[in-house]
Amino acid sequence: MTKIRDRLWTVTSIGLLVALVVPATWIAAAYAVPLTAMGAPVPGGAFQIFTTGKLGSVVKVTAIPKRNNRFQTVSSDSRLVKNSETWMNRWLSTVQAKRTALLWSSYPASIRGQVLSSQEAGGDPMSSGGW
Amino acid sequence: MSSSFLSTRSTFPAGSETLSNQDGLKFDSSRWERKRTENLPATRWFISREIDVLFVCGLAPWLAGIVFFLVTGAGGAYPPTKLPQQGLTLFFVVASLIIGESHQFTSIVRYYSSEFRNRSKKYRLHRVPIWFLYLLTVELLVLSTFNNLADWFSWSFLVQAIILNALMFAFPAVLMQHVCAQASAVVQQYCRRAHYNISKSEKYLLDAVTWLLVATGACSIAVPFGLDDSGGFSAPFVGTVHISSYTLPLAVLSALASLMVAVYVVNRGLEKNNWPPLGAVLLAVNCVALILLAVPLPGMAYVWLFVPLFFHATQHWALAWSTCQRESKRDSAVPMTMVSRIVDICKFIAPMMVLTVVVLFIPQFLKRSPMSFGNIGVIFSSGESLSVFFSMAVFYAHYFADRMVWRPKN
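Listed in order, the protein sequences are those of chains A and B. In case it helps, the numbering used here puts the first sequence at residues 1 to 131. In case it helps, the numbering used here puts the second sequence at residues 1 to 410.
Some hints could be false.
[As the list claims (entries may be wrong)] Per label pair, the in silico range of CB-to-CB distance: (1) B:91 to A:76: 26 to 34 Å; (2) B:264 to A:76: 52 to 60 Å; (3) A:76 to B:298: 22 to 30 Å; (4) B:137 to A:11: 31 to 39 Å; (5) A:3 to B:70: 48 to 56 Å; (6) B:146 to A:56: 41 to 49 Å; (7) B:249 to A:93: 25 to 33 Å; (8) A:4 to B:205: 51 to 59 Å; (9) B:155 to A:56: 15 to 23 Å.
[To be verified] Some chain B residues well away from chain A (every beta-carbon gap over 12 Å; in silico): (10) 59; (11) 101; (12) 127; (13) 128; (14) 149; (15) 203; (16) 205; (17) 235; (18) 241; (19) 262; (20) 282; (21) 324; (22) 409.
[Unchecked claim] Sample of chain B residues lacking proximity to chain A, with all beta carbon distances greater than 10 Å (derived): (23) 85; (24) 110; (25) 172; (26) 221.
Since the hints were made in silico from the structure, they are not lab data. Note that the structure is predicted; figures quoted are calculated from it, not measured. In this text, a Cβ means the ideal position worked out from N, Cα and C, and glycines have one as well.
Start from the sequences and build out the full structure, keeping to the hints where you can.
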């Protein structure tokens, strides 16, 4: 009886491990796709994703207009890189400039929003950075 | 302490008498004391000394912050190293969800567990915010299916909007309070485990310091949304208020109050030969340092990147695991096999992971999916609003559940 119970537990534990690994892989993939996406840093801190082009090639990017239209006409040449390469620098430069949102910007739900929406930290919670 | 979970009550009853001798404090051996001693965990640490020092007391964020600081170019001292930076970013972001976001479900799952449901105390007032979340969920589902019913409920929308906007507006400050209150509660837990008794007045002192730290954080690194504009905001009778101008006075006050507590603890140690446990001291010092040094120390952004993950979330996981182990009906005389340990870990972690994916990622998946899901699909595809709603609901459910589910039975 004990042997049967032990085997049942073993089977259950393997099942639970599978149940753990599958969603974990999905989560990892959901995060990894935007982070491995190729693009270029935009003046003002955002990251523009390019679906075509080679890694390292130079593209022209135009800043996404902000509320005050400060960066509307700014454009520059930028090198195509992986999002993960610039993500950390972008995060750091944003929170250095806006220290008042440091806790919220490092909160896991906000990190999820920043990665999935490819937008910078510290902005409006409903439109950029997510929760 | 409003959101400090675990034992927020004094660990020493107000009415009991104390007798002191040269070995330190001796307490009246009352019925309460015997019951309390029986409820004490067997070890001083939640998991083990090494893991606790790193992930509960808060050493890990400092170490990880230093690694990231060096890998990303030491604040511009040299060009950032590319390959490790990508790897570190991926590691951090994935860990952020697996450890960080999922920790919220530990208290939510416990809220519905038999260990909590079968308690004699019902916590009715504490449950009101959770019931409000139920109301919002039901309302969202009903109104998305039967649009015509919206007119019937329109009178309540204003009240709901005010509550939701207040919750959204105050979120960073609430988060700061949550982090500090948890740290304070864990300090008290360490003291309780080490039989370092904290009187009611000492607990009030600890609460006062915690609230000062919360206020400092709310004016410096966790400013409520909309109050952080550089132009300030206008308040009645006061004029234009710049919230950041309160940072320095509050930081000085917090530092002085923390110093006062430190002097008091050293004095108590010297007088009664009764010293607080290492875990409590490390955690308290770390909590104060993380908040007070966040603004003046330039490299603190690297450390704060890991604070929610390796200070707050891992702390919560360790506490939940420790509580789960203590409450399990397993016969402690029988040694655990590897299989039974794996089963225990899986049984503990799997529900939280599955819930994290279902609640936080299903909306993202449906939003991006080309398939139509009827009226529900319309809501899912409406920008970021649903994922924001779910994230917010999960955080506040976790926040309010925390206030009751980890309290000791007695």
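Evaluation of the provided hints:
1. The given range of 26 to 34 Å is respected by residue 91 (chain B) and residue 76 (chain A), whose C-beta atoms sit roughly 31 Å from each other.
2. Under the hint 52 to 60 Å, the C-beta atoms of residue 264 (chain B) and residue 76 (chain A), about 58 Å apart, fit the expected range.
3. About 27 Å separates the C-beta atoms of residue 76 (chain A) and residue 298 (chain B), a value consistent with the hinted range of 22 to 30 Å.
4. At about 35 Å, the beta-carbon gap between residue 137 (chain B) and residue 11 (chain A) stays in the expected band of 31 to 39 Å.
5. Here the CB-CB span from residue 3 (chain A) to residue 70 (chain B) is close to 53 Å, well matched to the stated 48 to 56 Å.
6. Remark: the range hint 41 to 49 Å for residue 146 (chain B) to residue 56 (chain A) is contradicted by a beta-carbon distance near 55 Å.
7. Hint check: residue 249 (chain B) to residue 93 (chain A), Cβ distance near 29 Å, so the stated range 25 to 33 Å holds.
8. Range check, residue 4 (chain A) to residue 205 (chain B): about 57 Å between beta-carbon atoms, so the 51 to 59 Å window is met.
9. The hint said 15 to 23 Å for the Cβ distance between residue 155 (chain B) and residue 56 (chain A), and at roughly 60 Å that hint is violated.
10. With a least CB separation of 17 Å from chain A, residue 59 (chain B) remains clear of the 12 Å interface cut-off, as annotated.
11. Distance check for residue 101 (chain B) against chain A: the nearest CB is about 5 Å away, which does not clear 12 Å, and the non-interface claim fails.
12. Against the 12 Å criterion, residue 127 (chain B) stays outside the reach of chain A, whose nearest CB is about 24 Å from its own CB.
13. Every CB of chain A lies more than 12 Å from the CB of residue 128 (chain B), the least distance being 23 Å, so the non-interface label holds.
14. With a minimum CB-CB distance of about 25 Å to chain A, residue 149 (chain B) clears the 12 Å threshold, and the non-interface call stands.
15. The Cβ of residue 203 (chain B) sits about 25 Å from the closest Cβ of chain A, beyond the 12 Å cut-off, so the non-interface label holds.
16. The Cβ of residue 205 (chain B) sits about 25 Å from the closest Cβ of chain A, beyond the 12 Å cut-off, so the non-interface label holds.
17. At roughly 18 Å from the closest C-beta of chain A, the C-beta of residue 235 (chain B) stays outside 12 Å, upholding its exclusion from the interface.
18. At roughly 14 Å, the least C-beta separation between residue 241 (chain B) and chain A is larger than 12 Å, which holds for a residue marked as non-interface.
19. At roughly 25 Å from the closest C-beta of chain A, the C-beta of residue 262 (chain B) stays outside 12 Å, upholding its exclusion from the interface.
20. The claim that residue 282 (chain B) is not at the interface with chain A holds, since no C-beta of that chain comes within 12 Å of its own (minimum 21 Å).
21. No Cβ of chain A comes within 12 Å of the Cβ of residue 324 (chain B); the nearest lies about 15 Å off, and the non-interface call holds.
22. Every CB of chain A lies more than 12 Å from the CB of residue 409 (chain B), the least distance being 28 Å, so the non-interface label holds.
23. Non-interface status of residue 85 (chain B) relative to chain A is broken: a Cβ of that chain comes within 10 Å, the nearest being about 6 Å off.
24. Listed as outside the interface, residue 110 (chain B) is consistent with that label: its C-beta sits roughly 18 Å from the nearest C-beta of chain A, beyond the 10 Å cut-off.
25. Annotated as non-interface, residue 172 (chain B) brings its C-beta within 10 Å of a C-beta of chain A; the closest such distance is 5 Å.
26. Listed as outside the interface, residue 221 (chain B) is inconsistent with that label: its C-beta sits roughly 4 Å from the nearest C-beta of chain A, within the 10 Å cut-off.
Going down the numbered hints, you'll see the structure goes against 6, 9, 11, 23, 25, 26, while the others check out.
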